[in-house]
Amino acid sequence: MTPMGFGARAGHLLLIALLAVIFGGLALAVLSLPSESPGLSAQVEAAMGETGVTHPVTAVLLDFRGYDTLLELVVLLLALAGVWSLAEGSPFADRRPGTMLDRLSRFYAPLMLLVAGYLLWAGSASPGGAFQAGAVLGAAGVVLTLTGWRLPVALAGWPLRLILVSGVSIFILVGLVAFFFGAVWLDYPLEWAGALILLIEAIASLAIGATLAALFLGGRPEAHP
Amino acid sequence: MTPAVLYALTGLGLFVLGLYALIVHAHLLRKILAFNVMGSGVFLVLAGLAGRTASGIPDPVPHAMVITGIVVAVAATALALSLMLRVAGATGRARLPDEHER
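Just so you know, the sequences run in chain order X and F. Be aware that the first sequence starts at 86, since it is given in the working numbering, and climbs by one per residue. Be aware that the second sequence starts at 7, since it is given in the working numbering, and climbs by one per residue.
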């Protein structure tokens, strides 16, 4: 760091003072909030019977705020489209990992798949679900990428793209089916709600994991076999 | 001071620390990291303040928003990093020009 002139130092102190004021104002706002505020807990609790799942966060994510979650999956795809159009090449040259890393990653990757599957299944009754399982799947992809594994070229074209869009597609498909069977858009029929949510979550977590791993890889996979 | 308020204040601290680093550092990687710290602060405020319920079970709505937010933040970070790589490829350096260089 270069030594600062007087003007720069004064500006720096002013910045710190301004940020302290911002912190103070926000802290006052937080401290003035009521110490007990249930928010929307009661409404969620009252409507839990219509969802087919027993964990409130999963119910909010896939049922009450399904539209929001659907569009968040679209945001992931948009980010990947941006990365693919910007990247000039994957920064990872083909390096041979050491024996230790190679063995460990071979051990970890199946374990991470197992953990992702458990998180997905647990999501209907306890903390877990599509986004957590997808994050673990994505991390497994990152570990494999770092140790030199590459998606086979035959799978890097349309099969990969099919997986990437599958989460959004199944979500929209289920929404449309529910729509045509008399219910509201993205409102699942009661007797099927649990199974439909699990179906959406299973495919969405696969899509989220694939998207995150592809984001980490940088450029289009088929361009760097 | 309840744990919920403590979490929220810690989140505010992270947010302001991130804002400071975002303004002070010219290198784009540091700006991206600073933005991530700010986002983590916001998530901590949301998740912390959701715990202010009588039953002790937190309000699920902010928690659901934070879960999706974390994954979207990771995706946005990846997009920001590839933008940074393009800036570095085009100008030879991954930082914004200083004021006196223009």
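Hints listed in this document are in silico derivations from the structure and should not be mistaken for laboratory results. Note that the structure is predicted; figures quoted are calculated from it, not measured. Just so you know, not all the hints are guaranteed correct.
Here are some of the chain F residues that sit facing chain X, going by a computed Cβ distance under 8 Å [as the list claims (entries may be wrong)]:
{"#": "1", "residue": "L15"}
{"#": "2", "residue": "Y26"}
{"#": "3", "residue": "A27"}
{"#": "4", "residue": "L28"}
{"#": "5", "residue": "I29"}
{"#": "6", "residue": "V48"}
{"#": "7", "residue": "L52"}
{"#": "8", "residue": "L55"}
{"#": "9", "residue": "T59"}
{"#": "10", "residue": "D65"}
{"#": "11", "residue": "I73"}
Some chain F residues well away from chain X (every beta-carbon gap over 12 Å; in silico) [as the list claims (entries may be wrong)]:
{"#": "12", "residue": "G19"}
{"#": "13", "residue": "L39"}
{"#": "14", "residue": "F41"}
{"#": "15", "residue": "N42"}
{"#": "16", "residue": "L102"}
Glycine is no exception: its CB is placed at the ideal position from the N, C-alpha and C atoms.
Results of checking the hints against the structure:
1. Contact between F:L15 and chain X, as hinted, is supported at the beta carbon level, the nearest pair being about 6 Å apart and thus within 8 Å.
2. For F:Y26, the suggested interface contact is upheld, since its CB lies about 5 Å from the closest CB of chain X, less than 8 Å.
3. The criterion of a C-beta within 8 Å of any C-beta in chain X is not met by F:A27, whose closest approach is roughly 11 Å, and the hint is violated.
4. Against a cut-off of 8 Å between C-beta atoms, the interface hint on F:L28 is violated, since the closest Cβ of chain X lies about 11 Å away.
5. At its closest, the beta carbon of F:I29 sits 6 Å from a beta carbon of chain X; the interface hint therefore holds under the 8 Å criterion.
6. Taken as an interface hint, F:V48 does not check out: its beta carbon lies about 11 Å from the nearest beta carbon of chain X, beyond 8 Å.
7. Interface restraint check for F:L52: the shortest CB-CB distance to chain X comes to about 11 Å, outside 8 Å, so the restraint is violated.
8. For F:L55, the shortest C-beta to C-beta distance to chain X is roughly 7 Å, which falls under 8 Å, so the interface hint holds.
9. Satisfaction of the interface hint for F:T59 is found here, the shortest Cβ-Cβ separation to chain X being roughly 5 Å, below the 8 Å cut-off.
10. About 4 Å separates the beta-carbon of F:D65 from the nearest beta-carbon of chain X, less than 8 Å, and the hint is met.
11. A least Cβ separation of about 5 Å between F:I73 and chain X falls short of the 8 Å threshold, and the interface hint therefore holds.
12. With a cut of 12 Å on Cβ distances, F:G19 falls inside the contact zone with chain X, its closest approach being about 7 Å.
13. The claim that F:L39 lies off the interface holds: its Cβ sits roughly 16 Å from the closest Cβ of chain X, which is beyond the 12 Å cut-off.
14. Every CB of chain X lies more than 12 Å from the CB of F:F41, the least distance being 14 Å, so the non-interface label holds.
15. Every C-beta of chain X lies more than 12 Å from that of F:N42, the closest at about 14 Å, which supports listing it as non-interface.
16. Against the 12 Å criterion, F:L102 stays outside the reach of chain X, whose nearest CB is about 16 Å from its own CB.
Taken one by one, the earlier hints fail for this structure at numbers 3, 4, 6, 7, 12, listed in ascending order.
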